[in-house]
Structures are given as C-alpha cells and as structure tokens.
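S.K.: For reference, the chains in residue letters:
2 protein chains.
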Amino acid sequence: MLTSKTVSDFLTETASNSPAPGGGSVSALAAALGTALTSMVCRLTIGKKKYADVQTEIEAVLLKSESLREKAAALIDEDTFAFNKVMAAFALPKETEDQKSARSAAIQEATKGATLVPLQLMELCADAMPFVRVVAEKGNQNSLSDAGVAALMLSAACEGAAFNVKINLGSINDSEFVSTLRSKTDALLRSVQSYAQEISARVHAAFAG
Amino acid sequence: MLTSKTVSDFLTETASNSPAPGGGSVSALAAALGTALTSMVCRLTIGKKKYADVQTEIEAVLLKSESLREKAAALIDEDTFAFNKVMAAFALPKETEDQKSARSAAIQEATKGATLVPLQLMELCADAMPFVRVVAEKGNQNSLSDAGVAALMLSAACEGAAFNVKINLGSINDSEFVSTLRSKTDALLRSVQSYAQEISARVHAAFAG
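Chains as they are written, first to last, in my numbering: chain A, 130 to 338; chain Y, 130 to 338.
This is chain A alone, in the form it adopts within the complex:
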C-alpha cells in the first residue's frame, strides 16, 4: 500500500517512470493533508480557555475531519488501483472479434471506474471545506496559517481530481455518463474554489501587517 511507504519512497515512486502513483494519488494525499491540518487546529483549540465558547462545535468538526482524513488516505491507494485496472484492460488479448469487443467493454468499464475515484475525492473536498472555514474563523488563531494551508491543500486536491476526471472522460463513449460527470465536476470545483478564496483572503488579511 502506498500509505505504508515512507514519505521519501512515496516521492521517489511518484517521480519514477511508472505512471502510477501519479496526479490522482497525489491529489488524494493533498486532501488527506488538508483534513489532517484541520484536525490539528481543532486539537489546538479544544481545552483552551480562550476558546471555551466553541468547544462543542470544534469537537464535532474534529470527528468529521478525522473521518474525512481516513477516507482521503484510502483514496490515495484507490486511485492507483483504478488506474492499474485501466492498464490491465488495455493489456487484454485482441486477436479475435470476441476478444476485441470484450477488451473494449473492459476498457470502458475500467475508465468509468477511474473517473469515479477522483469524483469521490472532489466530493470529499467539498464536504471538508465548511469545516476548514469553521476552524479558520473560530479555532485557535495562532494556527490560522495552518487552517489556510488546509484550504489550499483541499482546493489543489479538488482541481487535481477534476483534471483526472476530465482526462478520462475523453475516452468514455457513454455520453450521458460523460455529461453528468462534467456538470458534477464543474459544480464541485466552483464550490470548493469559492470556499478556498474566502479562507485564503481571510488569512492574507489577518497577516497584512
């Protein structure tokens, strides 16, 4: 599993001449980092007298962000697994007509699978953003830069996942599937980017000096 590798080995494997892990798994890792920072800000807020008023809210956010972190970490491996399935379908025999059509169907199926993993990641980023906003607004203000980095990681993860949905849609024949995924992708990206801009502007303003 990719998450069992050291950070150093993960980087080396990403940089290697094998297409997986690639941008899809890297985007999932960025989302996991974003949710991890959200949890960190929660934990640096909980138990502090100054933030007594928001304890219950921040405790609830922590439960959510830890659950999203676990899902994002799982998507690091799922993305590479889905990509390898596409490669395996391309490697199927194509000598007879039957083999050709079975191979073609397997490629279509696997490619659809390879769009659904990054779509799940985009949904996860959209789910996580409201929690980042809560910790940026109400959490420990000594960690405001960390909340800001959480928003940046989730926004980059979401746009990266959108690239991965879209590069795969190009080879899918099912036009209804394609148009549904295109509009879902665009809506999710707009929502996540709007949160990210708001949070980022808040952080820059706080540090404007």
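It should be emphasised that the hints constitute simulated quantities derived from the structure, not laboratory data. Keep in mind the model is a prediction, meaning the values are calculated, not measured. Just so you know, even glycine gets a beta-carbon here, dropped at the ideal spot from N, CA and C. Mixed in with the good hints there might be a few duds.
Straight-line alpha carbon distances no greater than 30 Å define the calculated DSSO-like cross-link-like pairs of lysine-lysine that follow [unchecked claim]:
#: 1; chain 1: A; residue 1: Lys214; chain 2: Y; residue 2: Lys229
#: 2; chain 1: Y; residue 1: Lys134; chain 2: A; residue 2: Lys134
#: 3; chain 1: A; residue 1: Lys177; chain 2: Y; residue 2: Lys229
To give an idea of the chain A side of the interface with chain Y (calculated C-beta under 10 Å), a few residues [claimed, not checked]:
#: 4; residue: Asn146
#: 5; residue: Ile205
#: 6; residue: Ala335
One-sided and incomplete, this derived list gives chain A residues near chain Y with beta-carbon spacing under 7 Å [claimed, not checked]:
#: 7; residue: Thr143
#: 8; residue: Ser156
#: 9; residue: Ile296
#: 10; residue: Ser300
Chain A is already provided as a structure; the job is to place chain Y on it using the hints.
M.R.: Just chain Y now, kept in the frame of chain A:
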C-alpha cells in the same frame, strides 16, 4: 526525520495536538510532490519517438526537477526544526533582566529563521514553475493532467509558505527585515500564481471536450 515516516504516520502526526509538523512542513511536502510529478512526466517523455525533438530539453528539465525535489524534501524537516527552535526560545528562563533580554533576542533570531525556511520554499516553487510549463507544453500529453497537478501542488505550496512567512513577520521587530520579506513574498507569490493559472487554463482547455 519526517520523510522517514510512513505517509500514514506523517498524516497522523500532522493531525495530532502538536503544532509541528504543521502548515509549513505540509507546504514543503506539496512542493516535493509537485517536483516529483514534473520528474515523472519527464521520464514518461524521454525515449518516446513521438517526443524525439524535445529529448535534450526534457532531459535537462529532469535534472533540475530532481534537484528541486531533493531540496523540497529537505525543507519538510527544516521547517519543523525551525519551528521547534522558536518554541525552545520561548521556553528559555525569564527571571532576571539579563535572562529576559537574552530570551527576547533568541525569540527574534529564531523567528527570523522560521520565516527564512518558507521563503526558501517560495523561491524553490518559483524556480520549479518554468519547468512545469515546459513539461505541460512539450512533454507526453498523456500525462498532461499530471503536469497540471504538479502546477497546483507548487502553487498551493508557495501560498502556504507565504502564510508561514507572514504569520512570523508579525512578531519580528526588525522593520527593514520585515519590509524586505514582505515584498519578496508578494513578488514570488504573484509569479508562481501567474504560472499556475496559465498551466491550469491549458489543462482545462485540453479536456474541455
């Protein structure tokens, strides 16, 4: 060392109630991921007949991106180290007047150090972006989404590092140091974001369907 931890442990440690590793180390990791993807696209381009014309240029980019990846990976640990130095300075004794002024000087010195690590990271992102543009334009177009994710990671890393420079500048008394770092930070961020927007627009356009 943080880079010797598994990805899973790195995420758990980020999410913990200890402020380090935090947004600074996460930003350095994002930059390392961006340069790793740049190297991957180079390696998926080198040796391919279709890209014979750009072999020499892409080989030169690979050398640069691998060197930047190594530096970015080192900054993951350096950021946490610099942060811990600030914490250590705050923990110095403050009973006598001499102790108070020595502690105050140590805090100033350590906080300056804690701005210089993310500034280095921003410079690294600015150095890396022209190479990402080369691989997005001239590299293996099957990996265009990976080049796009590389740009997103470097841009998020650079803005995250800017947050970390700025949160520290707030507690530095040396006004010349502060104003120099503020203008360097703003210029680097503008440059990196302009590259990222250009590359991202290229990727979205290629997949517009």
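S.K.: Are the hints correct? Go through all of them and say.
M.R.: Here is how each hint holds up against the structure:
no.: 1; hint: A:Lys214 - Y:Lys229; in the structure: 63 Å, violated
no.: 2; hint: Y:Lys134 - A:Lys134; in the structure: 8 Å, holds
no.: 3; hint: A:Lys177 - Y:Lys229; in the structure: 26 Å, holds
no.: 4; hint: Asn146; in the structure: 4 Å, holds
no.: 5; hint: Ile205; in the structure: 7 Å, holds
no.: 6; hint: Ala335; in the structure: 8 Å, holds
no.: 7; hint: Thr143; in the structure: 4 Å, holds
no.: 8; hint: Ser156; in the structure: 6 Å, holds
no.: 9; hint: Ile296; in the structure: 4 Å, holds
no.: 10; hint: Ser300; in the structure: 11 Å, violated
Checked against the numbered hints above, the structure violates hints 1, 10; every other hint is satisfied.
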